[in-house]
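**Q** Given next are the chains, with one letter for each unit.
6 protein chains.
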Amino acid sequence: MQLHLCTWMEVETYLQNSDAIIIPIGSTEQHGPTGLIGTDAICAEKVAMGVGENLKAIVAPTINVGMALHHTAFTGTISLRPTTLILYLQDYVTSLAKAGFRKFFFINGHGGNIATLKAAFSQIYDHLDSLNLTNSDQVKCTIANWFMSREVYQLAKKLYGDEEGSHATPSEVALTQFVYPDLIKNAPLSKEVGKGHSIYGARNFRECYPDGRMGSNPALATPEHGQQFYELAVKELTESYLEFIS
Amino acid sequence: MQLHLCTWMEVETYLQNSDAIIIPIGSTEQHGPTGLIGTDAICAEKVAMGVGENLKAIVAPTINVGMALHHTAFTGTISLRPTTLILYLQDYVTSLAKAGFRKFFFINGHGGNIATLKAAFSQIYDHLDSLNLTNSDQVKCTIANWFMSREVYQLAKKLYGDEEGSHATPSEVALTQFVYPDLIKNAPLSKEVGKGHSIYGARNFRECYPDGRMGSNPALATPEHGQQFYELAVKELTESYLEFIS
Amino acid sequence: MQLHLCTWMEVETYLQNSDAIIIPIGSTEQHGPTGLIGTDAICAEKVAMGVGENLKAIVAPTINVGMALHHTAFTGTISLRPTTLILYLQDYVTSLAKAGFRKFFFINGHGGNIATLKAAFSQIYDHLDSLNLTNSDQVKCTIANWFMSREVYQLAKKLYGDEEGSHATPSEVALTQFVYPDLIKNAPLSKEVGKGHSIYGARNFRECYPDGRMGSNPALATPEHGQQFYELAVKELTESYLEFIS
Amino acid sequence: MQLHLCTWMEVETYLQNSDAIIIPIGSTEQHGPTGLIGTDAICAEKVAMGVGENLKAIVAPTINVGMALHHTAFTGTISLRPTTLILYLQDYVTSLAKAGFRKFFFINGHGGNIATLKAAFSQIYDHLDSLNLTNSDQVKCTIANWFMSREVYQLAKKLYGDEEGSHATPSEVALTQFVYPDLIKNAPLSKEVGKGHSIYGARNFRECYPDGRMGSNPALATPEHGQQFYELAVKELTESYLEFIS
Amino acid sequence: MQLHLCTWMEVETYLQNSDAIIIPIGSTEQHGPTGLIGTDAICAEKVAMGVGENLKAIVAPTINVGMALHHTAFTGTISLRPTTLILYLQDYVTSLAKAGFRKFFFINGHGGNIATLKAAFSQIYDHLDSLNLTNSDQVKCTIANWFMSREVYQLAKKLYGDEEGSHATPSEVALTQFVYPDLIKNAPLSKEVGKGHSIYGARNFRECYPDGRMGSNPALATPEHGQQFYELAVKELTESYLEFIS
Amino acid sequence: MQLHLCTWMEVETYLQNSDAIIIPIGSTEQHGPTGLIGTDAICAEKVAMGVGENLKAIVAPTINVGMALHHTAFTGTISLRPTTLILYLQDYVTSLAKAGFRKFFFINGHGGNIATLKAAFSQIYDHLDSLNLTNSDQVKCTIANWFMSREVYQLAKKLYGDEEGSHATPSEVALTQFVYPDLIKNAPLSKEVGKGHSIYGARNFRECYPDGRMGSNPALATPEHGQQFYELAVKELTESYLEFIS
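Chains as they are written, first to last, in the numbering used here: chain A, 1 to 246; chain B, 1 to 246; chain C, 1 to 246; chain D, 1 to 246; chain E, 1 to 246; chain F, 1 to 246.
Next comes chain A alone, as it looks inside the complex (with noise of 0.2 Å):
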């Protein structure tokens, strides 16, 4: 049940029952030579699907541009500064608040973006505070990284061990693989790989890791797996929305 496949008045229908709704938000950034510029929304929006076809929760518009600045010096990244995507993710909660959602729940599918929700969050709560809206000490907002779930960890670490990397994951790009098996992109990795470096700015970290891969081996990824990490992902995160909401 995805928000835009509605009409308004099944929303206002949904909230006689439930104040709860799921939040896809990916980025769209490099994921190295052979991953998709949205991988991290592709695997968010697939996630939420899931998860809110399991409890008929309604899933709202994917937010599909996030915060990369530090893929900014790889062509085909876009990227919303901190502050713009604060401002961003206030005014977007803040039209669901103040139609009577209280519960958002937020499928990521990048670790750039988590800093950022974080403080979103702090400043919605300040926000809806503010504005005098009924209610607003119920409003609740959380992160559910898909790819920190245990399970899906366990399963990366299994099929892939080091190789898993940080960035351009064969995980993320098996998931990718799962949703769309006509786009599995063949171009040559180098042997050698970037890894062990801290994130600074766009530039550094292009010199830190040159193909944009971060450790990862994603020749590794099949659409098999990116199944098993599906289903995996969406058990899991299906059990924590269930917690959330609680």
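Careful, some of the hints might be misleading.
A pair holds if it fits inside one copy or across any two, identical chains being indistinguishable in the list.
Said to hold, decoys possible - Dumping the calculated DSS-like pairs for lysine-lysine here, alpha-carbon to alpha-carbon at most 27 Å:
id	residue 1	residue 2
1	K157	K56
2	K235	K56
3	K140	K98
4	K98	K185
5	K140	K158
6	K195	K103
7	K185	K56
8	K195	K140
9	K195	K98
10	K195	K185
To be clear, the hints were calculated from the coordinates, so they are not data collected in a lab. Predicted model only: the values in this text are computed from it and were never measured.
Starting from the structure of chain A, add chains B, C, D, E and F where the hints point.
**A** Just chains B, C, D, E and F, lined up with the frame of chain A:
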């Protein structure tokens, strides 16, 4: 060719031949008792993909939340404030401009976005100039409103006459039915429909347009009409794009 | 009846009978080799005062700097960025709304202001709503572009045909000549004049329109024409105002 | 020589001899039962025009709305918030600085503007520096408060003694009477007048100063006094300007 | 009694008897060859603690970075832009106002903060009003500049005459020597010292004042003088505080 | 070596050998019935000074107000909104970067700052890049949370087990007791203490954690423990700093 389904290296290759990109922008807002909340984003994205396929032009991620403050008295609407949307567009275009893009062709599905988009363009030119970007004077942004294409407009008038209205129109509903034939909604439509009122704030809007429609009869829509609108829009906007980049 | 020439007690008395106010908005920007930099503000103010006198309506202080970023490659132009202008208008209208005004009739002299003004209106309605202002749902803003009045437009076409152009037009120059008959400027006009180019950034604009004119021949202007334009504009905008406040 | 009455080419010629400009700034705020709401803008503009004529210096468009938040509990006051006014001034000066102006001589009519103006100057220097503007280190802004000129002050003390007060003063009212002799307002003034209270928020201000006057007796004003104030102010500020640009 | 050394329950108890708080504000900026970069914060904090002890008034955490853009061409200076400082002060005071504080007594150590502080006060009153805070009309902010206290000023003139200057003054250096007698710096001072120049941008400031001093001779300072200044400042500001809260 | 106790010339000398600086950041927020409101700033500053002394590294002025919106339902808490804190940090670091600093080592005392700090870092890299600062790609910021140092954490677990909790912890209280042995507060602690609740808005936080503690028993703290924590933290963060600047 959608940006989010490319790798960064594919985008780099693309830039050797073209510095133009298509950006679909819609809205997440009520569309009457039977229209999908995502109507404007769905239509803009569908038409953008058609134009992109025709011309092998890159289509950027759909901006699915826009300026819809006047619809926020209806459940399910999500809107940015104009200043937020301007900052969002500035960051979005700046990312792409730094990578080498110079021509930004926005395919728009929502009349309410137009003013803020135009304001943003002015701010973007000035901002890129202040960044000392190479050839910043060659940056060009334009809006192509699919629903205002000449032939689309004529067909709508021919099929629906005055019942086309100006929001939750049968033409846009038809296009969503073409995209999602399984999601044709049924809900009773009152005989009376608000029409002709100027648009002011959200509460005033709802008083004038109690079920969200503006003078329209979306019950006239069919998926077949939708296909016609789609094809006309793609044809016309393909021409507009070619003219824009020439 | 101009606000700045009233005492606060006179305004309080006025509010007992009317909650409407006229706000002239212009721009400070190049108007070709012979047009005054203040053309847009001069025209908007003059017409606003005429309408105000007709109806005993209050005319607020003229907003003499607007959105003219595309003219900033010409000396003497002063422009706000759109986000600044939106904040300016928000503060301006909020002050008046807190005092009891509800209907804001902007008489505009500059096409480049329109998008930002419309964006500002949306933001203003939302802002006043968030302040819990009494009857904030009755706040209404509208734009009346004197130069787009039907009869003004027709007269310009009749007098100047294609030489009316779209910036530094003989009609607006004529109106300033009517206001300042001693300030009719003489400067040679090239035979060739830029026309038909889309408007992008400031440097691009100057390349397309080297002397600042857009397809116009301001040498055709006369003070007598200016008086005619003035009278037609006042007549039409008087009607628009009455319709707006009814 | 007023900027808005010049053509852009005339301004270009002017810049060959001078990079200085006069900017009048006033306010739109209550001035007691008999003072004009536009008093501060009227006075600043009149004096600025006098100085400009003396020296053939360009006078920019009057900034007629300033920082008057403490007067907003009185009907008819329009105020910007300080952050908005800073952004406004930054955009205003940046436009002129890009065209080549370097010395900005603000003639100010309102004490409440001073703090925000000074804060804005600091921000402007920093901003222009960050733009890598040529000779940005030569940008200079200064405030000349006509009402604080030595001789103006002395005359006010001589004519009115303690009844000069500090807002809605007979001296500023006199100057407006000199400019608009047909607009001398009559309204009863209470014998008691608020005086000596510190200025805090708008509602507190109105409690302390119930009719808007601050210790003043504007009934003492005459147009003849106004002319004297005008002449003294022009004389002194002419000298200040010459010193500033030297 | 310093806020940061209290528990929240102690502050709650305090509020039963007083709604006033002292806020020291300084700056982090060059103070010539021998002055400490933290001079303004050190002095403001020391005096604030003295006043607080006298009156058992709470002293809030020292704002140690202020508006010092004009000093930023000297290494070690840290400055906020005025708009940032205004937002900072707004958040700072809003937090305390929500808890019940109504009277904010800023003890200031830096002339460059004054304009921005005053601008911030206006914005704060307006902001708290818009929050519908209880008794927001009783919020009062004031600035007490220890270095402008009458007796402090007189002593400085008596001890140093013209060599007091206006930045890196012997009086403020003396006060820091009183606080940190082990940190008396020795560095050669040129005989010539910049004086009398107006303050514009940072680079211009450094040209006018090459070693950072403004007409001062800090070599005259002694810790004993510092103690005298401290005692006079505490005495006078104690009186100012009592008058402010009465 | 604290920046505020240096002269600007000393800082210039320092920069010849090092471009790194330590910045302590804390918070001003409730710390339960017995914890000091300034706990986080006190701890961060103390540890920073220890690290600075070890390495002769400069320590910048302590940022004593941070992101503590969730504590604002308790009297005495002062918080910035995340967007304000980001702008504050941007101005703070920009000042230092313009002077030549490139490595910013934040020693942090408050978990609630982490998200906003990380978001700010991204914004700072991007901002400095847009300023065309020399070697802006070498700017590096990092956070060292003293309370999350491995050995500190282990000691806390050993000394307090589960009673360490996560706010108003005995370890941080102990460190403040080491710094201020005369300020050990006594107040009754309820046996029951809130624990395990997620953090949302301020009012919700207070409902979950009625006296401000989060699962902690600060009564276990002693100044001797504090000294141990201090020494471990300094030792570990000294190593972290060396690794960071290498």
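**Q** Each hint needs a verdict: does it hold in this structure or not?
**A** For each hint, the structure was consulted:
1. Taking the shortest Cα distances, K157 and K56 never come within 27 Å of each other, neither inside one copy (32 Å) nor across copies (39 Å).
2. With identical chains, the CA atoms of K235 and K56 are at most 27 Å apart within one copy only, with a shortest distance of 14 Å there and 39 Å across copies.
3. Taking CA atoms no more than 27 Å apart as the test, K140 paired with K98 passes in both settings, with 14 Å inside one copy and 22 Å between copies.
4. Taking identical chains as interchangeable, the C-alpha atoms of K98 and K185 lie at most 27 Å apart only when they sit on different chains, with a minimum of 25 Å there against 43 Å within one chain.
5. When the C-alpha separation of K140 and K158 is checked against a cutoff of 27 Å, the pair qualifies neither within a copy, at 35 Å, nor between copies, at 34 Å.
6. Proximity of K195 and K103 under a CA criterion of 27 Å is satisfied inter-copy only: 21 Å between copies versus 37 Å inside one chain copy.
7. For the identical chains of this complex, K185 and K56 are inter-copy neighbours only, at 18 Å across copies versus 34 Å inside a copy, given an alpha-carbon limit of 27 Å.
8. Proximity of K195 to K140 under the C-alpha cut-off of 27 Å is restricted to the inter-copy arrangement: shortest distance 17 Å between copies versus 36 Å within a copy.
9. Taking the closest pair of Cα atoms, K195 and K98 come within 27 Å of each other only across two copies (26 Å); inside a single copy the shortest separation is 45 Å, beyond that limit.
10. When the C-alpha separation of K195 and K185 is checked against a cutoff of 27 Å, the pair qualifies only within one copy, where the shortest distance is 22 Å, while the shortest distance between copies is 47 Å.
In this structure, the earlier hints numbered 1 and 5 are contradicted, and the remaining ones agree with it.
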